[in-house]
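Engineer: Here are the chains, one letter per residue:
There are 4 protein chains.
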Amino acid sequence: MSIKKIRMGMIGGGKGAFIGEVHRMAAALDGGIEFCCGALSADPDKAVTSGEALSLPADRIYGSYQEMILSESQLPDHQRIHFISIVTPNFAHFEPAMMALENGFHVVLEKPISFSLEEALLLQEKVKQTGLLICLTHTYSGYPMVIQARQLIADGKLGKIRKIMVEYPQGWLSTRIENDTPLAAWRTDPEKAGQSGCMGDIGTHAAHLAEYVSGLKITKLCADLHVFVDGRRLEDDGNILLRFDNDARGVLSASQVAAGEENALKLRIYGEHGGIEWNQQEPNTLLVKWLDAPVQIYRAGQGYLADAAKSNIRLPAGHPEGYIEAFANIYRNFSATLQHMSNGQEPDANMQDFPTVEDGVRGMQFIDTVLHSSRSDQKWTDF
Amino acid sequence: MSIKKIRMGMIGGGKGAFIGEVHRMAAALDGGIEFCCGALSADPDKAVTSGEALSLPADRIYGSYQEMILSESQLPDHQRIHFISIVTPNFAHFEPAMMALENGFHVVLEKPISFSLEEALLLQEKVKQTGLLICLTHTYSGYPMVIQARQLIADGKLGKIRKIMVEYPQGWLSTRIENDTPLAAWRTDPEKAGQSGCMGDIGTHAAHLAEYVSGLKITKLCADLHVFVDGRRLEDDGNILLRFDNDARGVLSASQVAAGEENALKLRIYGEHGGIEWNQQEPNTLLVKWLDAPVQIYRAGQGYLADAAKSNIRLPAGHPEGYIEAFANIYRNFSATLQHMSNGQEPDANMQDFPTVEDGVRGMQFIDTVLHSSRSDQKWTDF
Amino acid sequence: MSIKKIRMGMIGGGKGAFIGEVHRMAAALDGGIEFCCGALSADPDKAVTSGEALSLPADRIYGSYQEMILSESQLPDHQRIHFISIVTPNFAHFEPAMMALENGFHVVLEKPISFSLEEALLLQEKVKQTGLLICLTHTYSGYPMVIQARQLIADGKLGKIRKIMVEYPQGWLSTRIENDTPLAAWRTDPEKAGQSGCMGDIGTHAAHLAEYVSGLKITKLCADLHVFVDGRRLEDDGNILLRFDNDARGVLSASQVAAGEENALKLRIYGEHGGIEWNQQEPNTLLVKWLDAPVQIYRAGQGYLADAAKSNIRLPAGHPEGYIEAFANIYRNFSATLQHMSNGQEPDANMQDFPTVEDGVRGMQFIDTVLHSSRSDQKWTDF
Amino acid sequence: MSIKKIRMGMIGGGKGAFIGEVHRMAAALDGGIEFCCGALSADPDKAVTSGEALSLPADRIYGSYQEMILSESQLPDHQRIHFISIVTPNFAHFEPAMMALENGFHVVLEKPISFSLEEALLLQEKVKQTGLLICLTHTYSGYPMVIQARQLIADGKLGKIRKIMVEYPQGWLSTRIENDTPLAAWRTDPEKAGQSGCMGDIGTHAAHLAEYVSGLKITKLCADLHVFVDGRRLEDDGNILLRFDNDARGVLSASQVAAGEENALKLRIYGEHGGIEWNQQEPNTLLVKWLDAPVQIYRAGQGYLADAAKSNIRLPAGHPEGYIEAFANIYRNFSATLQHMSNGQEPDANMQDFPTVEDGVRGMQFIDTVLHSSRSDQKWTDF
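Order-wise, the sequence lines are chains B, L, D and S. Numbering-wise (full-length UniProt numbering), the first sequence opens with residue 1 and increments by one. Numbering-wise (full-length UniProt numbering), the second sequence opens with residue 1 and increments by one. Numbering-wise (full-length UniProt numbering), the third sequence opens with residue 1 and increments by one. Numbering-wise (full-length UniProt numbering), the fourth sequence opens with residue 1 and increments by one.
Since the hints were made in silico from the structure, they are not lab data. Treat the numbers as computed from the prediction; the structure is a model and nothing was measured. Treat the hints with care, since some could be wrong.
Where chains are identical, the list cannot tell them apart; a pair therefore holds if satisfied intra-copy or between any two copies.
Claimed, not checked - With a Cα cut of at most 20 Å, we get these calculated EDC-like pairs of lysine to aspartate or glutamate:
1. Lys-15 x Glu-178
2. Lys-128 x Asp-359
3. Lys-160 x Asp-30
4. Lys-160 x Glu-272
5. Lys-266 x Glu-282
6. Lys-4 x Asp-59
7. Lys-217 x Asp-307
8. Lys-5 x Asp-30
The shape of chain B in the complex, shown without the other chains (with noise of 0.2 Å):
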């Protein structure tokens, strides 16, 4: 008999967290993933506590990642959970993930995929050797109107791409917040987040964006990071020029201190014929713009939209989906996946589009060539 529903776990993501909630609300949506057991917390009192607040079976609530590998591992096949969500500070990615794969099971990870370019590059070592599949939960790739886009410049329709320009102000580390916000804490603390701030928790969605959508590679970049805030430790801001493989040109802004923005993602791709332009604030729409015709209002839900964005859609136009269900369809993909190849099943291309080991691969090779690049007098350093 086929597997019908997918067996999670999860590490970190307690009272308080939240980015574990959205990973648990991301998972639940569609029905297709059950949530069984957890490792919630490193303190394992509040791994208690919090398992036992999201109902999960109490001889399946963990005080240790360890422990919870282990004792997984020991199940039979129709208990054994399928894969463990890895919702840790990024400090704390790499261990879990690697004894996790050790052990037989598939890892979804938040990005950045590690501490250390290093970590990701073991990472993606252990991938191949195992056969096993980390999903990277780069949220953005997500969403319909971006697939959408991304299909029509694969199909051609904007010609050649010339120009990219994404940007991904927030406003919320304005001010020194991280006295008193845990969720800032460790992101403005190079013992916990690595190297990078701005650039490490939303430059790296921005730069997988712009390669996702475009199907460009970045070749050289030339980046100026600063930290705006009195006595912040990584940087809050940073501009980057960009070129990519087709020698089309490009900029990338992130900043955590453009105050008064929220999470305003955004991307624009020129091409000889036309472009693109995607807000996540407003996801449901694409414009579409065209050299000599009018600009084209994309909406998900609509029936002319391309199988690879429709299979990201739930509901008609005009309903609107938002950032968990682009989580979800991150999710519902994986765990397609991972169904069909328990069921020796070849996955579709669809399903199988979601970030994987190497997009984390990327990520911290960016990471590294923007800290290199800041620090240098030369314009342009290699990626």
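Keeping the supplied structure of chain B fixed, place chains L, D and S upon it in accordance with the hints.
Structural biologist: Chains L, D and S only, in chain B's frame:
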């Protein structure tokens, strides 16, 4: 020990149904509701295959709603479902709802609550008798920025309300698709939808929204309904002049033949000092207009919102929530209320903010009044 | 030799007047009209100082309109003005207009054309007798994207028109400013404005726009007018159900007490195949909506526009034109028509696209019908 | 007696010219400037027919700018023009401007002020010597909401400025239209436009706007320019990292090959407490963003604006003004300044708010610095 998860059964919503799937996603999103059983189709075979596809346990997939209600009522307390979501077409609301109430189950119902006003009044009576709850899924009042608007008005920020403009243009029935499209077929069939098309389907949402946000009641109205598509049996468009109990004036316009529109429910309310504007297609934004000061853009997720709005938001500002989340708010508030009732606690005011049987009765009265007015030569019909 | 510049005189529009200044800017913009003389105020002293401030030659600054009309009619052909712009309050339209026509001058008039329907009919009669022109400044039909919308509909692109929604919310009369504000004082005074406030002032614009763009005529209506501000003598708000001569339905809503609104005239028209949406506050954009294709954003200045629109645009796309330019289009078309007439040429169709005495008569009939309907208990009043 | 109208002559701007016509409309709009004479083309025949078409008196239609300057300088005071607008291509700015200044005429010049920085410095020197004025038509700083933004920042409302993002995407040169399109031909020809294409034409506007509104100066930059269209001789795209004198960071991006864009100049500035956003294509709106309060929509024509903005607005809120009006503000302020100077009065600060020769020199330095940076391997080039 207190109950943790609230248990749900479903009537209707089998393969191919749209709204049943939305109910399931909404119920699943927040992890507090367990979907336990279903009589998912009037066709027993389809009921079974639909239940299997959703991984329901075989012994709780029922071939008819009668069987489900009777069987579930025999189960022990810790297994028995707490409520039943009825997601059938309008003509099939009343009987299962009545039987559910008679057997001790709370009910979630799609709007309009019933096929006729008489049925609605009988349900209201039964709710009074049993002390059970009917939750009516007027989704749009589940959006946090709608709740924020209501709060601003309740707090007197706009002064006395003078004018209300509510519109609900859709275009999907611009041609005679009812022959090919099941969703359209029953909505345009008086045997299944009731005496009203456009007004029953979406006009009731608009009227509910206007009254919910303004805190006012429509006291009389003047309606002009029309069937534009040849051969259609129920009105597909209507415009209505409104008068409210504080002498405010208004217009309600709804259409299913506004070609090119999606689901563009929009509410504007003006008082002595300012106005609000909310558009369902960009639901995380609320415009607040002032007589002598700049318009303000209120946004979901911001710290300055009222608690009543905040308690219906899951994500930080700039991470869009949509239709499913609004729907889930209604499920979450309803199930939290049930949980509190089960545990002998008093639910708080925000939890109880979901539409009930009273809203259902009012909706049916609205439909009756509109139909009467549309046939009348008199300007005003009392509501 | 052919005439190059058309010569204009003005009645009203002295110091402190708003609309007179707009007329002068509109006439000056394109360099084809020479402002030669004026009787700029009913107060002879103010008439003189106003004329001097505008650098009019001393001998063509007149103390009364009668003096101006008589004196100018004595001047030789190459000096005498061709037309007179009358920019006085409504009650002072008729007499100068009639005298101007009787003395051989074409006339530009602000809407509403007169104080009463009777006056309008007399002006219409006089126009027929004399062969002279009245140009009525329904500014909004001078916007190029309005003309583009009209053309799309005339060309049948939207199919048969079904629904028209036109709204004109303003908020400036939300409080009783008429005691301090001359602009408000006469508009709310039945001795000066006529029997209607909001509908005469802005409702007529909305009705004209709806008919102009759709090419349809209102055949019956049902109006609900109201005075919201205590002590005000003319209605400051109204909502009207409309029926058109092709059986299309519609709503017209106008308000001067929509607190926080500026001048938000907006028109939406839906036909069988699609719809248009135009908003005066962003006048260079026209949304064109289609049943099964993406919404298109038509923009002023683009090459794909109709000739009728292009001939009313001065700048390339992306260089916004506004209210004064729309006003100037009416002046430009009117003066080009006069020029052609003077030179014995036939003006082309686009030139002749300015509102005339017929529109003025229709506007007065609209006001009368609305007032009658608002007082009636019958649903429909024939127009 | 004090002068009432300021008298203008024009060099360039004959038939088919775009910007000359804009200058004439801008000068005519407010009635304070009289267009008296012209040398409208380098081709004497075209100069004459162009002058006749504009109804200039025959004796003040000149066949060359030299003739015009000499003849006009012989006229008596009450006839002689006060200033000359030079609207020729860049290569033909310097000589007529210099000759005009030498003969006692003030000058209005299109940007960039000259063909080379050397010429700009010579003009600056001549202005100092003569006490005459050069007014440079950086149109965009004539928009009232730009001035409002400048005022908010000058008043410290945003706190210390941290980040400036200015972009100017156009798409009109996406293909090689320069062979057919005179407007494109000279702009892409280094013999006529100078060493820079995109940056000289529109990048200078963006840089001026950023500095004008922020009150800051660019101190170093890092530019990446590119020619996208095969065979084009001047860059048609560029991205630039910016640093400002208070250590703020920024990005300037300009393009003539952003296919589907019109004239989408946009400025965003972020400070410690909030940010502003202004978009030229919707110029009557200014978004003002705050760290912990709702975004505000400032609108032209509202009573809450600063006096500096109000003095550049003609119409009540909701009556859109556009590009010509912004242009006219520069003409109005410049001519009011001349009027005051002629009458021996001190012009007030708002009147004097028009770009001058200093802005022209800075613009040429900007172009030189950008070109140098683009060719350099070093990251930063001092400005």
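Engineer: Are the hints correct? Go through all of them and say.
Structural biologist: Hint-by-hint comparison with the structure:
Taking CA atoms no more than 20 Å apart as the test, Lys-15 paired with Glu-178 passes inside one copy only; the shortest distance there is 19 Å, against 49 Å between copies. Taking CA atoms no more than 20 Å apart as the test, Lys-128 paired with Asp-359 passes inside one copy only; the shortest distance there is 14 Å, against 58 Å between copies. Taking the closest pair of Cα atoms, Lys-160 and Asp-30 never come within 20 Å of each other, the shortest separation being 38 Å inside a single copy and 42 Å across copies. Taking CA atoms no more than 20 Å apart as the test, Lys-160 paired with Glu-272 passes inside one copy only; the shortest distance there is 6 Å, against 38 Å between copies.
In this assembly of identical chains, the alpha carbons of Lys-266 and Glu-282 lie at most 20 Å apart whether taken from the same copy (10 Å) or from different copies (17 Å). With identical chains, the CA atoms of Lys-4 and Asp-59 are at most 20 Å apart between copies only, with a shortest distance of 17 Å across copies and 23 Å within one. Proximity of Lys-217 and Asp-307 under a CA criterion of 20 Å is satisfied in neither setting, with 25 Å inside one chain copy and 44 Å between copies. For the homomeric pair Lys-5 and Asp-30, the shortest alpha-carbon distances inside one copy (11 Å) and between copies (18 Å) are both at most 20 Å.
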